[in-house]
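Asker: Sequence:
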Amino acid sequence: MLENVSEKVSRRKFLVTSIGAGVIGIIIGAAGAWLAKPEVAAERTITKTVTHEVTKTATVTKTVTATATTTAPPPTTTPTVGLDPVAQRAIDGVKALLASGKAKPGDTIRILHVAGSRANLEKAIEYWYKYVPDIKVELITLGQEPDVYTKAMQEAVTKTGTFDAVTIMSTWLGDIVESGLARPIDDFFSKYDPGYTGDIAPIEPLASYTTIYKGKRYALTYDSDVFTLSYRKDLLTDPKLKDQFKSEYGMELKIPDTWEELIKMAEFFTKLNLTAPSGGKVWGAYFYAEPRFAGYITWLNIFIEAGGILFDLNTMDPKIDTKEGRYAFDIMLQLKPYMPPEAVTASWADLYDKFVKGETVFTAAWPSLSKEAHRPTSLVKDVAGSAVLPGVEVEVGGKKEIVKAAPNPVNWVVIISNYSKHPELTYLFFQFATSPDIGAEAILTGVILDPFRRCWFVDPKYRPAFEKGYGPEFIDIYMKSLEISFPDLLIRGGPEYLGKLTMNVNAVMAGTKDPETALSDTAADWDSITKKYGVDSQLEAWKALTELFPDQVKKVWKAKGYM
Numbered sequence: 001m002l003e004n005v006s007e008k009v010s011r012r013k014f015l016v017t018s019i020g021a022g023v024i025g026i027i028i029g030a031a032g033a034w035l036a037k038p039e040v041a042a043e044r045t046i047t048k049t050v051t052h053e054v055t056k057t058a059t060v061t062k063t064v065t066a067t068a069t070t071t072a073p074p075p076t077t078t079p080t081v082g083l084d085p086v087a088q089r090a091i092d093g094v095k096a097l098l099a100s101g102k103a104k105p106g107d108t109i110r111i112l113h114v115a116g117s118r119a120n121l122e123k124a125i126e127y128w129y130k131y132v133p134d135i136k137v138e139l140i141t142l143g144q145e146p147d148v149y150t151k152a153m154q155e156a157v158t159k160t161g162t163f164d165a166v167t168i169m170s171t172w173l174g175d176i177v178e179s180g181l182a183r184p185i186d187d188f189f190s191k192y193d194p195g196y197t198g199d200i201a202p203i204e205p206l207a208s209y210t211t212i213y214k215g216k217r218y219a220l221t222y223d224s225d226v227f228t229l230s231y232r233k234d235l236l237t238d239p240k241l242k243d244q245f246k247s248e249y250g251m252e253l254k255i256p257d258t259w260e261e262l263i264k265m266a267e268f269f270t271k272l273n274l275t276a277p278s279g280g281k282v283w284g285a286y287f288y289a290e291p292r293f294a295g296y297i298t299w300l301n302i303f304i305e306a307g308g309i310l311f312d313l314n315t316m317d318p319k320i321d322t323k324e325g326r327y328a329f330d331i332m333l334q335l336k337p338y339m340p341p342e343a344v345t346a347s348w349a350d351l352y353d354k355f356v357k358g359e360t361v362f363t364a365a366w367p368s369l370s371k372e373a374h375r376p377t378s379l380v381k382d383v384a385g386s387a388v389l390p391g392v393e394v395e396v397g398g399k400k401e402i403v404k405a406a407p408n409p410v411n412w413v414v415i416i417s418n419y420s421k422h423p424e425l426t427y428l429f430f431q432f433a434t435s436p437d438i439g440a441e442a443i444l445t446g447v448i449l450d451p452f453r454r455c456w457f458v459d460p461k462y463r464p465a466f467e468k469g470y471g472p473e474f475i476d477i478y479m480k481s482l483e484i485s486f487p488d489l490l491i492r493g494g495p496e497y498l499g500k501l502t503m504n505v506n507a508v509m510a511g512t513k514d515p516e517t518a519l520s521d522t523a524a525d526w527d528s529i530t531k532k533y534g535v536d537s538q539l540e541a542w543k544a545l546t547e548l549f550p551d552q553v554k555k556v557w558k559a560k561g562y563m
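Per my numbering, the sequence shown starts with residue 1, numbered consecutively.
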């Protein structure tokens with residue numbers, strides 16, 4: 001791996017300081033953002049000058065910019081010291097394009113992306129210039145996810161070639177592909193081999209369900225966003241509290257296996273009225289129940305674990321107005337008294353803020369929460385624990401078993417524009433940027449991108465840096481969670497479906513709707529969305545997507561006759 005991955009702690013700080021100042025510099029993604037059509041934000045093309053280390057004693061200043069084209073297969077070379085074969089193949093490919101005249105010095109790749117990923121991209125560009133100084137990369141930076149989505153969909157209509165690639169939330173993949181913007185990249189995969197097999201491959205089913213649509217590969221994995229359970233280890237292992245809990249509840253105080261167990265523990269800790277390291281009150285739990293994530297994270301996770309399925313596999317009729325849907329509401333409403341009131345109204349960042357201050361015992365979020373919890377400024381850096389999310393006990397074949405699954409919301413991926421002037425060069429830049437060595441550097445530099453290659457979890461070449469960045473306990477837990485993760489709704493109109501769901505789930509949590517009405521209203525909205533895009537086309541995409549759900553979930557669906 002490249003030098004200094006584990007040394008540069010200073011560049012891996014963001015959320016604690018920005019949250020504490022009341023500034024939200026990144027947005028991790030949301031369905032609720034789609035409830036109203038977003039305005040197009042002012043566009044900024046950033047040509048960034050960066051100083052990067054070439055050795056421990058010398059620095060070189062380069063200007064950030066880049067481009068793309070097509071070429072013959074690159075020659076096979078021995079990887080440069082400190083550069084893995086995946087990245088080397090990308091560099092060789094660029095050199096072959098330059099040698100053939102299909103690319104020329106000064107060509108520029110332009111990347112549309114959300115502001116929160118800028119630090120990650122800049123780190124990749126920094127290394128790109130070390131090996132390919134002649135091909136420039138420009139970053140077109142927009143403020144929030146809806147801005148990127150809007151700009152991308154405009155390009156699908158105008159076909160200007162303003163940018164060569166765009167980093168998108170995997171939830172958008174259906175819309176982006178159906179709009180004609182995304183170029184299939186199966187040919188580039190075959191030609192250059194981005195390392196999607198063997199020990200360096202992205203952990204499945206992650207790489208499949210975030211990059212493939214209706215059987216074709218349209219994207220490169222650039223992130224993973226599976227949720228895990230974070231908890232106050234000091235409170236859960238305190239001998240006096242363990243004795244008190246067992247006396248009151250007749251069960252062990254431990255990492256909860258089910259949501260029902262977690263509810264009892266959340267009640268216990270809330271009623272203790274403990275004082276957090278910050279001086280605030282300690283709440284037993286904090287799970288997303290607000291207008292952006294309540295539906296397609298918390299509610300949906302419980303629903304899936306209970307054996308719920310979103311659509312009928314024969315008719316595409318919504319299947320959420322069911323006992324599984326009401327069960328998910330029951331769990332969330334039972335948790336509500338033991339969560340801070342802000343859980344229903346505040347932004348996603350409030351959950352991060354309260355956990356790193358020690359003000360919640362149990363919570364769940366993206367991998368970046370563990371990264372924030374282990375920063376030097378965190379008040380729980382020495383006591384933050386990680387676990388797989390709790391599950392739901394269901395009956396399968398006459399036997400009870402606990403079904404566990406983990407939502408995988410957002411997942412940044414990269415698509416190459418069909419209107420790119422340099423599609424092959426652009427692909428090669430992202431193969432380089434997501435390679436084992438360069439990708440590790442980029443992920444540990446910024447906030448919103450998180451690890452996805454198996455080698456980063458198990459290979460001693462990489463693992464120490466990730467343990468330092470996320471906490472040693474988290475790494476194994478996260479790999480387990482990836483393996484039981486389920487995809488976003490990666491079909492056309494995915495954000496619309498999820499936006500309606502989240503709006504109604506939040507209404508129930510806010511007390512303005514009852515669960516039955518919310519489920520009925522959501523089902524009606526979903527039926528309209530399906531008809532708008534065409535039942536047959538949506539059903540084809542949904543059937544393909546269900547095959548990528550965890551095996552245990554599909555086993556329950558089959559037992560219930562859903563599959």
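Since the hints were made in silico from the structure, they are not lab data.
From the three backbone atoms N, C-alpha and C, an ideal C-beta is built for every residue, glycine too.
Warning: the hint list may mix true and false statements.
Quick list of the computed label-pair ranges, beta carbon to beta carbon [to be verified]:
#1 ARG463 with THR150: 16 to 26 Å
#2 GLY250 with SER190: 55 to 65 Å
#3 GLY534 with VAL157: 50 to 60 Å
#4 ASP193 with LYS242: 30 to 40 Å
In silico SDA-like links for lysine to any residue, alpha-carbon gap of 25 Å or less [stated by the list, open to error]:
#5 LYS400 with LYS233
#6 LYS421 with GLN88
#7 LYS233 with GLN88
#8 LYS104 with THR160
#9 LYS404 with GLY279
#10 LYS357 with GLY279
#11 LYS233 with ALA349
#12 LYS381 with LYS421
Asker: Compare the structure with each hint and give your call.
Answerer: Right, here's what the structure says about each hint:
ARG463 and THR150 have their C-beta atoms about 39 Å apart, which leaves the hinted 16 to 26 Å range violated. Range check, GLY250 to SER190: Cβ separation about 59 Å, and the 55 to 65 Å hint holds. The given range of 50 to 60 Å is broken by GLY534 and VAL157, whose C-beta atoms sit roughly 20 Å from each other. Checked against the hint of 30 to 40 Å, the C-beta distance between ASP193 and LYS242 comes to roughly 52 Å, which is inconsistent with it.
Pair hint LYS400 plus LYS233 does not hold up; C-alpha atoms about 29 Å apart against a cutoff of 25 Å. Distance restraint check for LYS421 and GLN88: the Cα-Cα separation of roughly 23 Å lies within the 25 Å cut-off, and the hinted pair is therefore satisfied. The suggested pairing of LYS233 with GLN88 is violated, with an alpha-carbon distance near 43 Å, which exceeds 25 Å. The hinted pair formed by LYS104 and THR160 meets the criterion: a straight-line CA distance of about 21 Å does not exceed 25 Å.
The hinted pair formed by LYS404 and GLY279 fails the criterion: a straight-line CA distance of about 35 Å is larger than 25 Å. About 9 Å separates the Cα atoms of LYS357 and GLY279, which keeps this hinted pair within 25 Å; it holds. Only pairs whose Cα atoms come within 25 Å are accepted, and LYS233 paired with ALA349 is accepted, the gap being roughly 22 Å. The suggested pairing of LYS381 with LYS421 is violated, with an alpha-carbon distance near 47 Å, which exceeds 25 Å.
Hints 1, 3, 4, 5, 7, 9, 12 from the list above are not met by this structure, while the remaining hints are.
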